[in-house]
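Student: Line order of the protein sequences matches chains A and B. Numbering-wise, the first sequence is residues 1 to 752 according to my numbering. Numbering-wise, the second sequence is residues 1 to 157 according to my numbering.
Be a bit skeptical, because a hint or two may be false.
[As the list claims (entries may be wrong)] Just the calculated beta-carbon pair ranges, DEER-fashion: (1) A:LEU35 x B:GLY157: 40 to 50 Å; (2) A:LYS431 x B:TYR129: 50 to 60 Å; (3) B:GLY45 x A:ASP613: 21 to 31 Å.
Hint data in this document are derived by calculation from the structure and do not stem from the laboratory. Remember, predicted model here, so these are calculated numbers, not experimental data. The beta carbon of each residue, even a glycine, is placed where N, CA and C say it ideally should be.
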Amino acid sequence: MTNESKYRFVGTRPLRHDGVDKVTGRAQFGADFALPDMLWGRTLRSPHAHARILRMDTHRARALPGVAAVVTAADLPEVEPGPGPVNLRDLSCNVLARNKVLYHGHALAAVAATTEALAAEALELIEVEYEPLPPVLSLDDALAPGAAILHEGRAPKRYKVSGPTNVAARCEFSRGDLTRGFAEADLLLKRSFRTQTVHQGYIEPHAVLAQTGADGRSTLWCCTQGAFMVRHYCSALLGLDSAKLRVVPSEIGGGFGGKTTVYQEPVALLLSRVSGRPVKMVMSREEVFRATGPGCATRVEVKLGARRDGTLTAARASLWYEAGAFPGSPVEPGAMCIFAPYRIENLFIEGFDVCCNKPKTTAYRAPGAPQAAFAMESLLDELAQVLKLDPLELRSRNAAQKGDQLAYGPRFKEIGLTETLSKAREHPHYKAPLEAGCGRGVAVGFWFNAGMNSSATLHLGGDGGVSLVTGNPDIGGSRASLAMLCAEELGIEVERVRPVVADTDTAPYTDLTGGSRVTFATGMAVVEASRKLVAELCARAARIWDCEPAQVTFHEGRCLPTAASGLDHSPLSVAELAARMAQTGGPINAQAQLTARGPGPGFATHICDVRVDPETGRVEVLRYTAIQDAGRAIHPSYVEGQMQGGAAQGIGWALNEEYLYDENGALENAGFLDYRIPVASDLPMIDTVLVEVPNPTHPYGVRGVGETPIVAPLAAVANAVRAATGVRMTELPISPPRLLAALGLKQNGGAR
Amino acid sequence: MAKHLVQTRLNGEPVEFLCDPHATLLDALRNTLQRTGAKEGCASGDCGACSVLLDGRLVCACLVLAAEVEGCEVTSVEGVAQAAQLHPIQQKLLEHAALQCGVCTPGIVVAAKALLDRNPDPSEREVRYWLAGNLCRCTGYDKIIRAILDAAAELRG
Ligand code: FES
Ligand code: FES
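Based on the provided sequences and hints, a complete structural model is requested.
Tutor: Structure, rendered in structure tokens:
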């Protein structure tokens, strides 16, 4: 792609600043830190999915030579839920169980010892007496009359029911007149869809190193999506003054939302405070699967009413999402997303947050949206088929436009849904012939994207280079995109900008890396800080030229007199002004902080071709194209990378990935061998088409791009399987046994 | 338990270290020798993040006992670049933006080197199957495969 734009750097593809460190093994990830005198921490985890803790005795573990500290929930203060969106009491109970264990793998105690082996040995010496309770392992279990209740005596939010329930909350959105809308329809379709528990599957397990000095000050090195988040949760859970805690984010080996909370971080901190020595804790892969993540299992029921020409007249959805052990599934965003891409006058959506004996679900890339889109986009496919309409045409006829109102209130500004749909129709992939036994599916994806709070600080060096300091861990190339925005504003080479991901004592406050927000929101702060720096450079030039700052303008990295000033001076470059800082008023730094509004929603249309082997039930993805509105792609390669990676994750979710539990609630596939994520030989190249409908609230038109790409693939794959086999798969994953069973049913005339 | 003394060559230099009999090569590299380039993603041979070469053969360091490398030549990701000069595989991975988080990258670099050392002109399919033991959750592999094919072309000259 050529960079025909008005920008010098935005839209180009420079090498990332942290690249050499990452290809040579020098970059330090969470588990790569060590300190002299360091202890190893390990965690005792529940062998039961649901049980009361009757007694815990740690004496023998403490007595083992080489054990320096043993901690349990009794060592944590009892905390109040707090006013924030995350219930701190639940978080504390998840970090170390109190009274009850709520899933197989729930942490109960931790040990710090001189070696990992000793720590593991000490765990075996901790005696725990449990009263096992019936495990609640699915939505059906949880909602059944007489189900065991995870949180007795806790009233659900916005939901009235007599007697105890595992429903933690209900949400509702509605508009228009549903009855009238359905009455206006020529055709009604209704279907129920299910998805299973999945894991984010980042390759780097959670890791932390904690050190506490004799003055009570602590430092944590850890892999996280947000160092300030870790500082906040750790100090809240331990009752510490957060001024005494510094969190240093390491390089992060993937997160996808899974590293937006704490697990062993407060425990390692506690162990280091008790022992007075550095403590390192690294999860095993099995622990990652058993006790972190996951993305939630869901049931979604959708009913659509449509006219013969495809116009949607009404839509209704009910969503049940598993929260896992503690309330807080992403059912609300799921409910907000499900009909967002379409203009539907009459609608009703309700969502239920349901607790069960699985790990507390954590954000997973566009949390809640892929499952909702799987249901809606599958049913739309069916509608197109019944009406004999092209599935993209059906979507185009109903596509939301600028000015349309969302179910939850706001109106769309500029959006690129229609553009992605027409690019899909024009794409050679959509017109390519298909072989027998193959099928093609399409689907649309939507995600809000987040704004939140961000800051950036710029330090001009005497060399004319700039240090760009933020607190956002770089999870997929954000150092490069932020540096490019800064370079564009300052007119200096991208390599002259040195992006730094700093610790909580050094970086200005920022919310975590998540919600596809860094290039958008932190990028806005970078642009604003850069403009302040430019204003200061102009003031310095004015001082040198002995004129008013208003008589100086800045263009392509140089200060020059305005035309109106009538002054005649040769321009001064950033480097020249930097070299003269000391004589013109001292160091030059700039900082900006903001709450970023108007993140600009992302839309994507995906096309997927599959071949189905009728003997084995194996589905092979033959060709895949992802088309997405990026607003403006700052570094197009990393935008494409997000689209390709999201598509691959979604394909895995559609075809293979699911948590398998035995009847006692023990996870049976807690490893990469049995929880199989896509490998290189499972996938084709993933074509990308960037659409750029600028987001009007961002100075460069940026929209978040990281999450939208995982929303469409689930339905795109399922729709392709339907086209190849004639069987509509309403349950994911479409694994060989499930597909074979469905194909068998079809042969016996049991399904359409 | 008595420790073993192991003498081996790491990235062309002689090294010796003490290890527990059950310690893996990955433990020895990361915790004893402080070469943290090889990553532990699973400790069970399923992710490839710990890939190293043992006498030129691609292995998962998490599946090799440290004591087994006595007298061997171990190449880890730290030994792939020559001084300040990146190996073409590393350079192409950067140019193609074939890493996002980068935690799989050391393993991919080593695995790709093992492939190109024996097959200078692999097909896309051959690269995909060779790398099937190296998980990447971020990229969807597309840019990784392109980078390795491009590096192969450059190495062929
Ligand atoms: S850590 Fe060795 S293969 Fe995963
Ligand atoms: S780049 Fe993150 S796992 Fe490959």
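Student: Looking at the structure, which of the earlier hints fail to hold?
Tutor: 2
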